[in-house]
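**Q** With the sequences and hints as input, model every part of the structure.
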Amino acid sequence: MSTSAPIVGAAQATCGEEMMRLIAELYPICRSITGNGIRESLRIIGNIIPLDIHEVPSGTPVFDWTVPREWNIREAWIKDSQGNRIVDFRNSNLHVVSYSLPVHAKLSLAELRPHLFSLPEYPDWIPYRTCYYRETWGFCLRHRQLEQLRDDEYEVYIDSTLADGSLTYGELFLPGETPSEMLFSCHACHPSLCNDNLSGMAVAAFLARQLGAVPHRFSYRFLFIPGTIGSIAWLSRNEARVSSIRHGLVLSCLGDSGAFTYKRSRRGNAEIDRAVAHILQHSGKPYQTVDFSPYGYDERQYCSPGFDLPVGRFSRTANGCYPEYHTSADDLGLIRPGALDASLDQLLSIVNLLERNRAYLNLNPKCEPQLGKRGLYRAMGGLPDAGAQELAMLWVLNLSDGRHTLLDIAERAQVSFAAIAAAAETLCAHELLRERDENNNMADSAQPGTRPPND
Amino acid sequence: MSTSAPIVGAAQATCGEEMMRLIAELYPICRSITGNGIRESLRIIGNIIPLDIHEVPSGTPVFDWTVPREWNIREAWIKDSQGNRIVDFRNSNLHVVSYSLPVHAKLSLAELRPHLFSLPEYPDWIPYRTCYYRETWGFCLRHRQLEQLRDDEYEVYIDSTLADGSLTYGELFLPGETPSEMLFSCHACHPSLCNDNLSGMAVAAFLARQLGAVPHRFSYRFLFIPGTIGSIAWLSRNEARVSSIRHGLVLSCLGDSGAFTYKRSRRGNAEIDRAVAHILQHSGKPYQTVDFSPYGYDERQYCSPGFDLPVGRFSRTANGCYPEYHTSADDLGLIRPGALDASLDQLLSIVNLLERNRAYLNLNPKCEPQLGKRGLYRAMGGLPDAGAQELAMLWVLNLSDGRHTLLDIAERAQVSFAAIAAAAETLCAHELLRERDENNNMADSAQPGTRPPND
Amino acid sequence: MSTSAPIVGAAQATCGEEMMRLIAELYPICRSITGNGIRESLRIIGNIIPLDIHEVPSGTPVFDWTVPREWNIREAWIKDSQGNRIVDFRNSNLHVVSYSLPVHAKLSLAELRPHLFSLPEYPDWIPYRTCYYRETWGFCLRHRQLEQLRDDEYEVYIDSTLADGSLTYGELFLPGETPSEMLFSCHACHPSLCNDNLSGMAVAAFLARQLGAVPHRFSYRFLFIPGTIGSIAWLSRNEARVSSIRHGLVLSCLGDSGAFTYKRSRRGNAEIDRAVAHILQHSGKPYQTVDFSPYGYDERQYCSPGFDLPVGRFSRTANGCYPEYHTSADDLGLIRPGALDASLDQLLSIVNLLERNRAYLNLNPKCEPQLGKRGLYRAMGGLPDAGAQELAMLWVLNLSDGRHTLLDIAERAQVSFAAIAAAAETLCAHELLRERDENNNMADSAQPGTRPPND
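Chains as they are written, first to last, in the working numbering: chain W, 8 to 462; chain R, 8 to 462; chain E, 8 to 462.
No lab work stands behind these hints: they were computed from the structure. Check before you lean on any hint, since a few could be wrong.
When chains are identical, the list treats them as one kind, so a pair holds in a single copy or across two.
[What the hints assert, rightly or not] In silico DMTMM-like pairs for lysine to aspartate or glutamate, Cα to Cα no more than 20 Å straight-line:
#, residue 1, residue 2
1, 86, 118
2, 113, 315
3, 380, 71
4, 380, 171
5, 380, 142
6, 292, 397
7, 113, 438
8, 380, 397
**A** Structure follows, in structure tokens:
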């Protein structure tokens, strides 16, 4: 029964500062969907967890897509006619549109202008823009600066290469007692943006480290991949494996101080959807759950109709819902160690719930068993209310007919999963309950295949 | 794919004035459930659409009913003892209770009184009353006049005949690409009452004229029938045909300026119910939907348990819900050309939706197809929101697993059917989607019977 | 068709005063889960209804439990050092913890204190406490008195016996036209407590008396049992019989002036659940329904997963929800004859509904039958609303396709069951409707097994 105990003590993460340090180390690197930036980032994460690094050659067909050429950049700037570097990649890697072609030219402001991107509503922030699948180039800059550009001859220089190479992603598989697995996926392709998604990468890495240190029922798979093309490439290369994915979460935007946001899987009522909603509901803090929609991060691919995996997305403030999103203001100041810790905590609670969520059989299904003679019920009768522990035991007994999991019971009883799971454990210890032994759920019973007496 | 295009351009009806003229021409005629009034009315409608006229002889058994004798009336009045015609059918055909037996007698006020009907709460309006299935006679008059009648000897005269003849109804069948049909039914038996139901007759006639001018997938059947006995007679004579009715609407009260009211079919969630609700929801205007109840117009018969057809009722202010209902105040002043036009518009939108509402198959169900390389996705990445058209395409792709129609998708996406249908059309044109070829839905595929790859 | 008529005239109970007299007679008796108190109480109830008395010997195993030894008590007191009886069982049988072992000892206050129970929040009330399954003893007293006890030597005396004997319960079975039965169960084990549960016992007895005087479709079983162990013993001894239980109610707390509270069965939407909710909803008075939970009275056992019977609980203010609950303040002053009468009334209405709740077949399912020619429809047409009786008939006709019971129809029509049942009776009398003859529902048809024509 070791797996029914919490995986980590009180599920209180205390590595917020460590996660912050990891993020600070990753922050300056210019990542993109391919190239040395993501390669270097995965190497750093590999210092925390034993990540397998995969390289998929440019040109490899992956479903309807083709792995693009690899992009690398060394230098980029705009000089005015006096030779002042008015925009310089060395100051912020957001200054260059990701996947910009190499260019070296002198242009008038009018010629340059279509290649410049800014945010009029946030004139002090540099936007993040990409042109992955279109051969062009561009610079991003503060709107305040853009407005002050005078008619001049500008020299633009981007020392980038777009050439055959490979797409890089990191993968960690933690085998469990069963081949059924839970997938955690985070995009690792954004440049100097902290909440989106260095926070997701850091939380995933530390979650993996914790899970790697304890036994667990499910197998766990962590993917650190470039957005869209990365999940498409992984799914294409692992098509035979996806049927083992029983639960999954895309992790993103986990470091800001906003309330948690859970985006349900396409199925809408998968076990992962119910588990996350339950944990958030009993967290005592504000949260929101939103329906699946086919826009967002890699849940788009996991939940495409040909896969329809039970994969939701776990975030704090969701993508596009905070002003700093995809701007230079999504920096180290936007994220907090406490927020990262609390995100990790919630994920551990979700994992704990799923690990322990099984169906049990009441071994005395006809009337209540006499809890009192086993010391499980208060001695004195006549009190107006049942105690919380007694009530949790009564709920578990009443609904453990083999058709209800502990989460089903917690939902109907409107009691936390933790209380219901503790009651089940007590009842198992007193041989009043046993795990239902179907679906390879590792029952501790010697009679495989037996059915509840009242079925 | 011609049928997936809108049937009428922008579904903007502009024949309100024509409908008003038709109503004005029909208004003076004394219609009843049989007789020359309805016969003459159907002839006038025949000037607009090629109506087939059916005559069902008196005495014909139709289910539990019998076609009644034919009623015709030429003259009717009440004279006081000075010979003044104080009530005269020539002033308003509502003055005579419909189906009144012939009478010529002199009566005291006390003897006359039980034959007089008025509306105390609306003393200036003449009520509309009928005695179809009971042999009696009566007059309707303004309550103000009734109260002033003094004790006198009155001469009453009704020159009517109730004799073997026939029940008359009009029918128009517009064959489509499939034998599946949509039924529009309106009652054509009310005398000088405009909203109920000259408005329904006019809108039905002009809807039929528009549908007759374009190709369409479904067949369309229009019935202009006397209420209750007409739909019973039609169902009795067409019992073998009703299984082709896939959608249907009873049309009534479509000329007043009130909000639309949709009364669901007995089934409650038939495609017609969902289609009308969707169109009204996305109309941007107030509306209400109400549950089926077995009281109202001919939906009572179409939705009787032995038929249980998917037939709802489309109205503006529903019967019994406006004070002028079934009174002389339901006159030409109560209805508006703009209201008639808007009613016709909504019906065209409903027809368009149903014509285009099919299930499709995403031909790249595993992960998203790369829309960008087909020019279907914006070139620049990193923006916080998906464009509306891109999001509609993503929804169609995500849910086109063969189990969702476009209406299912529009409902889940909370996007207008028009946007979803346009996205589907674009995706079909790029061979990313094809119509599911089951149920004789005329798929444009050469492989009949194939299933979605992910089924 | 006699059984379709109301079982009792207008379901107006007028025996509130009789019930009060019965409760007053039972009030002084010291009942417990075994012993002469409950035996004597059942004898008194036997004056009203012919109760069968069952004795189950101590030591009998009943599922996970064992019938306990029989407890009887004759005398109990606490004397101070001056020999004053400061607590005396003769003043209130609540003074002794039920099932207290015999004791005779002199104790200091410190030694006595752990054996004393009071209610600090209600200092003038004596609490009710039990120690059925633990060998100990105790006294209950007013908190005000407890606080004034001075340091003294006290003599405690309990002249009780706990010895092999038997558990006693009363049962009445009223055979009906079918072996399907409805169970009414009330706990009869509480000492001088009026609302909980002399009220339930009295209402059950008078309900049984009324049902015994009229013919009925269902069989009715009444149980007057000690709580928990009584229902467990009955279920253990009648396991083969429970499959006949089609509906059931646990009766408790039916004499106070609070609103009715219905606690649903574990199934949540059993016919009994819907029936009670409907009756309460149409009662015009405040009420509440609550979900099943595995805490409360004997519904815990009837709804254990091995039985899962359709048994709800009918109360006024529920156990634990009024301050006088399980205290000496639950006395004759807490209950009212009118409240008892109204409780009985509601139960008779529930019984009437269940007796009459069957599915019927519209014999003219295609279109409406012509009600007018049968005198069932008003003669004059054109009025804006259907009359209530006509509308009820139309609903019954529309939904009597063999798949809807009268309760289904009443719920959908949002009309009282009584109105729907009356309409069904009228339609049966006119041969427009007949009872569906499946499931041994005693159809009055000569063609067993026929199906609705439109199936």
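**Q** Checked against the structure, which of the hints given earlier come out wrong?
**A** 2, 6, 7
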